[in-house]
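Protein chains: 2
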Amino acid sequence: MRARIGVNGLDHNHVFEIVDRLVKAGAVAAAHIQEGGFLEAFEGWQTESRPMTFDEMLADDSIDIVVTAAIPNRRADIALAAIAAGKHVVTDKPGLTTMAQLDAIRAAVAGMPGRPWTVLFTERYENRAIAEAVRLARSGAVGRIVHVIGAGPHTMWAKRRPDWFWDPEATGGILVDIGSHQVDQFLTITAMTAADVEVVAAAVGNVASPDHPAMQDIGSMTLAAPGVVSDHRLDYLTAKGLGTWGDCRLTIVGVDGTIEARANVDIAGAEGAEHLFVVDAEGTRRVDIGDVVVEWGEQLLADLADGGERLMTQQHAIDVTDVCLRAQGAAGPWGLAGSTS
Amino acid sequence: MRARIGVNGLDHNHVFEIVDRLVKAGAVAAAHIQEGGFLEAFEGWQTESRPMTFDEMLADDSIDIVVTAAIPNRRADIALAAIAAGKHVVTDKPGLTTMAQLDAIRAAVAGMPGRPWTVLFTERYENRAIAEAVRLARSGAVGRIVHVIGAGPHTMWAKRRPDWFWDPEATGGILVDIGSHQVDQFLTITAMTAADVEVVAAAVGNVASPDHPAMQDIGSMTLAAPGVVSDHRLDYLTAKGLGTWGDCRLTIVGVDGTIEARANVDIAGAEGAEHLFVVDAEGTRRVDIGDVVVEWGEQLLADLADGGERLMTQQHAIDVTDVCLRAQGAAGPWGLAGSTS
Numbered sequence: 000m001r002a003r004i005g006v007n008g009l010d011h012n013h014v015f016e017i018v019d020r021l022v023k024a025g026a027v028a029a030a031h032i033q034e035g036g037f038l039e040a041f042e043g044w045q046t047e048s049r050p051m052t053f054d055e056m057l058a059d060d061s062i063d064i065v066v067t068a069a070i071p072n073r074r075a076d077i078a079l080a081a082i083a084a085g086k087h088v089v090t091d092k093p094g095l096t097t098m099a100q101l102d103a104i105r106a107a108v109a110g111m112p113g114r115p116w117t118v119l120f121t122e123r124y125e126n127r128a129i130a131e132a133v134r135l136a137r138s139g140a141v142g143r144i145v146h147v148i149g150a151g152p153h154t155m156w157a158k159r160r161p162d163w164f165w166d167p168e169a170t171g172g173i174l175v176d177i178g179s180h181q182v183d184q185f186l187t188i189t190a191m192t193a194a195d196v197e198v199v200a201a202a203v204g205n206v207a208s209p210d211h212p213a214m215q216d217i218g219s220m221t222l223a224a225p226g227v228v229s230d231h232r233l234d235y236l237t238a239k240g241l242g243t244w245g246d247c248r249l250t251i252v253g254v255d256g257t258i259e260a261r262a263n264v265d266i267a268g269a270e271g272a273e274h275l276f277v278v279d280a281e282g283t284r285r286v287d288i289g290d291v292v293v294e295w296g297e298q299l300l301a302d303l304a305d306g307g308e309r310l311m312t313q314q315h316a317i318d319v320t321d322v323c324l325r326a327q328g329a330a331g332p333w334g335l336a337g338s339t340s
Numbered sequence: 000m001r002a003r004i005g006v007n008g009l010d011h012n013h014v015f016e017i018v019d020r021l022v023k024a025g026a027v028a029a030a031h032i033q034e035g036g037f038l039e040a041f042e043g044w045q046t047e048s049r050p051m052t053f054d055e056m057l058a059d060d061s062i063d064i065v066v067t068a069a070i071p072n073r074r075a076d077i078a079l080a081a082i083a084a085g086k087h088v089v090t091d092k093p094g095l096t097t098m099a100q101l102d103a104i105r106a107a108v109a110g111m112p113g114r115p116w117t118v119l120f121t122e123r124y125e126n127r128a129i130a131e132a133v134r135l136a137r138s139g140a141v142g143r144i145v146h147v148i149g150a151g152p153h154t155m156w157a158k159r160r161p162d163w164f165w166d167p168e169a170t171g172g173i174l175v176d177i178g179s180h181q182v183d184q185f186l187t188i189t190a191m192t193a194a195d196v197e198v199v200a201a202a203v204g205n206v207a208s209p210d211h212p213a214m215q216d217i218g219s220m221t222l223a224a225p226g227v228v229s230d231h232r233l234d235y236l237t238a239k240g241l242g243t244w245g246d247c248r249l250t251i252v253g254v255d256g257t258i259e260a261r262a263n264v265d266i267a268g269a270e271g272a273e274h275l276f277v278v279d280a281e282g283t284r285r286v287d288i289g290d291v292v293v294e295w296g297e298q299l300l301a302d303l304a305d306g307g308e309r310l311m312t313q314q315h316a317i318d319v320t321d322v323c324l325r326a327q328g329a330a331g332p333w334g335l336a337g338s339t340s
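Sequence order for the protein chains is A and B.
Counting from 0, one number per residue, gives the positions in the first sequence under numbering that gives the first Met the number 0.
Counting from 0, one number per residue, gives the positions in the second sequence under numbering that gives the first Met the number 0.
This is chain A alone, in the form it adopts within the complex:
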């Protein structure tokens, strides 16, 4: 039986990436609710998907998976209702925006088999350079990992952003929203849990969005765990001359070498995306990621079929979210008072 997808949440264009992978892996885009900024595009793309209310979707036993890329602060309620109705949830990151929501998810999945709540951290699951960097680090290729450094600059694209983009109550804030990718990478590289991690420092600010005073267009966080420090920076300041949506980097420092991924672009260097470099005792080299397969869709469907946790554990999705919420909650202002921003 092919798994059937119902979509509630067409507010972020990640919905296309998520549904596309699941359909290519064998699922059927069966139903969608009729609201959200990308409704028209979705209906023109998945022409066989049936319009439905969310209540109808929840009551429809033929729907196995609820996909959501709703406004982030609405994702938890959608997930909770779907889990209660026996569905598997695949949510765009961030999975939610408050610790109360996370507590409700914890309670909902407690004791359930498998992984009812999947948060898709696309910067690792969709990017082969990041995925391979993480795999190499975990394999011991550069020895014990002592420092992880991430950068996630994004393009603002102010004119094409919906109102909720500018509201940290809606997005969860920059550390929760786009910071979740980097926390996912850090915890995966080091095999750490949220309980292992302390937020050492965090800051968020508005340095280039005077029309949207609540907007957090820059942020950073420093995390510590046993034997390892993790520094992450984020912003929406990428200049349009970059030619792509961002310039995400991941540097993994081991005691025997360094792994560096340039996820989106090798500025003024090699063509295309997904660049991976290793420096170790043997030398300095590009690693070909051409044989790395993006297979999260297949892994997710396999997990759904047998209650496995190939793609990620339930604990991992919860732990990443927990660390992000703690960093966001601890965040002070950007720079010191006297800022001219």
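A portion of the hints provided could be inaccurate.
Copies of the same chain look alike in the list, so a pair counts if it fits in one copy or across any two.
Unchecked claim - Think about it this way: if two alpha-carbon atoms lie no more than 25 Å apart in a straight line, the pair counts; the simulated SDA-like pairs of lysine to any residue are: (1) Lys23 with Ala106; (2) Lys23 with Ala329; (3) Lys23 with Glu273; (4) Lys239 with Asp265; (5) Lys23 with Gly328; (6) Lys239 with Gly331.
Rather than coming from a laboratory, the hints here were simulated on the basis of the structure.
Once you have looked at the hints, place chain B on chain A.
Just chain B now, with coordinates in the frame of chain A:
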């Protein structure tokens, strides 16, 4: 009249770089004391330099400049004696290792004209990519600067290091010693003083030097100043496959673009050192630094001649040292307790 140099401090090989630039700029290597790990090499190189005791050097009115690359915790005493004798001091970084030493330097130079105490931050003054990155940032090329990120990984070269290298009492610790380059860059880029800067977080550790338990082979610091955050990482973990002594990077994020310098190497990319990249509204490009001239030697001699502060202000040398000492003093352990290092 050509300026005449006396060298007291042949313990770090930076002495060759410093003397070389000064001689090429027109100074004379006139005298040196007969001790230090690089004595033999120095005597074979500057064959006309006369051996002298430091007392003789101080009493010799023909000596204008005292150069020191002594063991770092001895540099302040050398500088204080030289300043008291009316000499200009050019010291390898770090200029000193304790706040008491810095207070003594402050007192010694107070009210003196010009800049009696020069600390040479070679990662900017000797590297044209870093120098040009800093100049571009100050010129407004990428708008107001909101984030500065530095990386200073170095090679350990354990077998060829002197005993003092492993002793943070001697070196001042990793944030003071090699971190001083990055603090120099941050303060120069932002035109900030030490009074503008708060140390938000700092950590140092020993992750790969079990034979030298006091050694700090890794460190990081996060600084904040009005409107800007500055993150810096340092280590001695560079694998020998890199092919050079380190892989220093400087990323400057402005509200209108990003400047990135790769000081030593463009791993698996373009040949040679000194790589500079700019991303702005116009595009993504390498910046040719072929026309940038390393001229700190000439600037220093001009400053010496007329009491100017072309190369740096006295306040800047003091401010960089002050921030580094504060970060070093605030540094906690690397990662959380439970480290397996």
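Unsatisfied constraints (hint numbers, rising) = Violated hints (numbers, rising): 1, 2, 5, 6; every other hint is consistent with the structure.
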